[in-house]
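Residue numbers (our numbering), protein chains in the order written: chain A, 1 to 253; chain B, 1 to 102; chain C, 1 to 559.
I should point out that these hints are in silico values taken from the structure, not numbers from a laboratory.
Glycine included, every Cβ here is placed at the ideal spot set by N, Cα and C.
Don't take each hint at face value.
Computed footprint of chain B on chain A, listed as stretches where at least three residues anywhere in the stretch have a Cβ under 8 Å from a Cβ of chain B [to be verified]: (1) 85-91; (2) 201-209.
For lysine-lysine, the following DSS-like pairs were computed, each having C-alpha atoms within a straight-line distance of at most 30 Å [to be verified]: (3) A/K142 to C/K247; (4) A/K132 to C/K247; (5) A/K166 to C/K20; (6) A/K171 to A/K132; (7) A/K166 to A/K132; (8) C/K351 to C/K287; (9) A/K142 to A/K132; (10) A/K139 to A/K171; (11) A/K171 to C/K247; (12) A/K142 to A/K171; (13) A/K166 to A/K142; (14) A/K166 to A/K139; (15) C/K247 to A/K139.
Taking CB as the label site, the calculated pair distances span [what the hints assert, rightly or not]: (16) C/T246 to A/F165: 23 to 33 Å; (17) A/K166 to C/T246: 45 to 55 Å; (18) A/I205 to C/S8: 27 to 37 Å.
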Amino acid sequence: MPNNQAIVPAASEPAGAGHNEHPSYLLHHFQSVEQQADTSNFAMWLFLLTEMMFFGGLFTAYLIYRNWYYLAFVAGSHQLNVVWGTLNTVVLICSSFTMAMGVWCAETRRRSGLVLCLILTFILGLGFLGIKTIEYSEKIEKHHVPGFHYNLSSFLDPASDPEIFKEYHDKPLPLDIARHTELYFSLYFLMTGMHALHMIIGIGILGFMIFRARAGAYISGHVTFVENFGLYWHFIDIVWIYLFALLYLISRH
Amino acid sequence: MSEQNGHAHTIVGPGVYVAILFALLAGTVLTVWASFVDLGFWNPIIALAIATTKATLVLLYFMHVKYSTKLTKLAIAGGVFLFLTLVSMTLADYISRAWGSW
Amino acid sequence: MSTNTIVSLPDQETARIPKKNFLTKENGLLSWLLTRDHKRIAILYLITTTFFFIIGGAAAALIRLELLTPTGDMVSSDTYNKLFSIHGIIMVFFFLVPIAPGVLGNFLIPLMIGAKDVALPRINLLSWYLFVIGGCFELYMMIFGGVDTGWTFTTPLSTHYVNSHVIGAAMGIFIAGFSSILTGINFIVTIHKMRAPGMTWFRLPLFIWSYYATSIIFVLATPVIAISMVLIMLERVIGIGLFDPTKGGDPLLFQHLFWFYSHPAVYVMILPGMGIISEVISNFSRKRVFGYTAVAFSSVAIAVFSFFVWAHHMFIMGISTYSALLFSLFSMLVAIPSAIKVFNWSATLYKGSITFDTPMLYAFGFIGLFTIGGCTGVMLATLGMDIHVTETYFIVAHFHYVMVGGMVSAFMAGLHFWWPKMTGRMYPESLGRLAAVILFIGFNLTFFPQFILGYLGMPRRYHFYPPEFQALNVLSTSGASILAIGYLLPALYLIWSLRHGAIAGNNPWQATGLEWQTQSPPLTENFTEIPIMDHEAYDYAWLERQSRDNRREEAPSAE
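Looking at chain A on its own, in the form it has when it is part of the complex:
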């Protein structure tokens, strides 16, 4: 066994697979830029699959309780403002669009375009969270946050909640149905809260990316980071598309 054979220092590699120049962003353990890009892209997809399963637990819980306590879920969903919800959907779809445009700008090496798109995405993301804050504060005022202070009066006596009442004319619910609205709001806060948490993380990364992009990063042909972040952002968009349909639009007629 050739135990004492000459050892080539690692730094002199990678052994080129037909590449003459080795860009600075090529990590030492990859053979080529394509391999590196493919790898991180696939890893990102696998991460998104874990995210999907993470939300999967919540969707399962939602489906079970929605079927068990349908009337309570209808009454609960009437407390959500469909205008705010729709507006938020539009905001998020637009931010997905600007993000996709940002990836295109990075791919085609347009620096100012990339910065603009990232800033727009950033602003739209903040706008989404702003609207969410308005919605949350309404719930907090009405004591619709599950836990000790949960208040049933909007469901036991809908007339006491004139804003909602004049729109839907809900009938009073008996106590044993009304109290299940707490589960609806648990799921509402869990799902939108998890979603908002992902948004906050995403906005943080966006801020970092704007900073880097202004300094000229991401337009050298190495767009993996922008691309992967784009995947993450679109995934959040997809989650919201379902949340909107399931939480806001249960029964509006």
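Fit chains B and C to the known structure of chain A by using the hints.
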């Protein structure tokens, strides 16, 4: 390295993105409108169908799955399948605990 | 092969450990804590998981001591509850789940596929840190009073009735879960994208296939326990009501989510072991694994089936009879790919030149114990039988046969087999064989009586029991003390061998894998040049041809 895709990295242009943006906005309007119409049994199904269509558009074009390798497509399909397994097999228990009165 | 060993060591007079290797590349604690080298991360995992094994093992020792007598004379009921909870949580989440991927997987996957490192080295280090942070939460939980829910956190017990550190324990599991996820992503991507030229899927060692299957489970199942742990914590802090019957929630929903992870996790605890055993059996019978393709696909099949069986943990919990039937059927289906593996290993032995080196002894132990564990698993998948013995020691014995008898035996086999590669030195062979036999005897003495105890009706998780069960419990406890020797002995001689073991050379076992083609311990970048795989896995004829060529090359130069 054996999975290395033969075709070059596809760049999707702004035209496609704008078209998808409008399709998504139209879907949003449609689903809100549909929720105000009483379709009984079909309401949640239509809402979910529209949501799935929108999600598919985002997946295929914004997330470039249409231009991705088979490996990525397979991984996504596997993930979605498992997601549905989690939901459906758990629901199988709940549905069959009391047939009919669910 | 007429001798009783296949070990071929270099001439001890002249042989030296290569000066330049991943252990000597850099020195100092910081060079270890900030390393991105998969081999060093594997060593970090080895140290941390051993630490947790000692904690979990100490808890187990106290449990067995307490059960020596029918009355609770050593610890109070509360302490006993905390002991078995800590034993379960530590052993499952901080030993069995991370040990095989963290140690052997990290060390070997890049070496076996001919890569310089895993695909995402920084993420790999991050996953070790997450594991350590999760572990710190568990240590905090233990020091400040422990948790007494059992490792299953069954609701509403864990959310409403106990007053111990459930949040700390759940947080630890939540964080350690991300460690598993990142490891899983890393392995899948590495196996897909980093293979050396010529390393096609069907030339991969079976070790890689089983780790691939394990990683699928990591990636897709772990997030579900993450969310269920989040829900437990929120339920305790805020009272969200999802698992609270007084608010209309369903405690069983938690079990659905929990077991959706925790049953596949059981396969996380056995699949890597199967991969190790395939390597060992093939090498020590000098034959290609019989039915390579079947064994490879059976690993993936186990991973896929594992997602459809979770509710068999809930047969007596009040799930519907119809879905219980469905889950019972699927559970039995898992026996098929498992049996394929056992049959194929047996067929590999047929007409092989078998030698009984230490890894092979552990492998034989594995096959026997895993078969017993697996067959009792099929018994438990039957609804009638399950209802009779659920929550008895029969269950305890069953899963210890699979997890300890199976996984720990396999891990010991793998650790001995790759020890020369990791350290460059051999362990003392005769002591190794002795330890393997002690482990096997001790294990059976500990856990076989528990099958009988369980069948007779002794429930698990109680520290009092009727006096007629004492004889069998004494047998079990004495077995546990033998088992402890079976663990201590390797720990001692493996540490001894770091200094004094014989120098192993590149390929002491005459094995065919790529990891044996490089020096031991390997270089930081694994290979001096990226290898090209030009032969099938387990091609021992290729190895002989190659060594003949080497000899022919050396002969003229010597003259």
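Hint check results:
{"no.": "1", "hint": "85-91", "verdict": "holds (count 3)"}
{"no.": "2", "hint": "201-209", "verdict": "violated (count 0)"}
{"no.": "3", "hint": "A/K142 to C/K247", "verdict": "19 Å, holds"}
{"no.": "4", "hint": "A/K132 to C/K247", "verdict": "26 Å, holds"}
{"no.": "5", "hint": "A/K166 to C/K20", "verdict": "80 Å, violated"}
{"no.": "6", "hint": "A/K171 to A/K132", "verdict": "28 Å, holds"}
{"no.": "7", "hint": "A/K166 to A/K132", "verdict": "23 Å, holds"}
{"no.": "8", "hint": "C/K351 to C/K287", "verdict": "9 Å, holds"}
{"no.": "9", "hint": "A/K142 to A/K132", "verdict": "16 Å, holds"}
{"no.": "10", "hint": "A/K139 to A/K171", "verdict": "20 Å, holds"}
{"no.": "11", "hint": "A/K171 to C/K247", "verdict": "22 Å, holds"}
{"no.": "12", "hint": "A/K142 to A/K171", "verdict": "19 Å, holds"}
{"no.": "13", "hint": "A/K166 to A/K142", "verdict": "17 Å, holds"}
{"no.": "14", "hint": "A/K166 to A/K139", "verdict": "18 Å, holds"}
{"no.": "15", "hint": "C/K247 to A/K139", "verdict": "19 Å, holds"}
{"no.": "16", "hint": "C/T246 to A/F165: 23 to 33 Å", "verdict": "29 Å, holds"}
{"no.": "17", "hint": "A/K166 to C/T246: 45 to 55 Å", "verdict": "33 Å, violated"}
{"no.": "18", "hint": "A/I205 to C/S8: 27 to 37 Å", "verdict": "54 Å, violated"}
Hint compliance for this structure: hints 2, 5, 17 and 18 are broken, all remaining hints hold.
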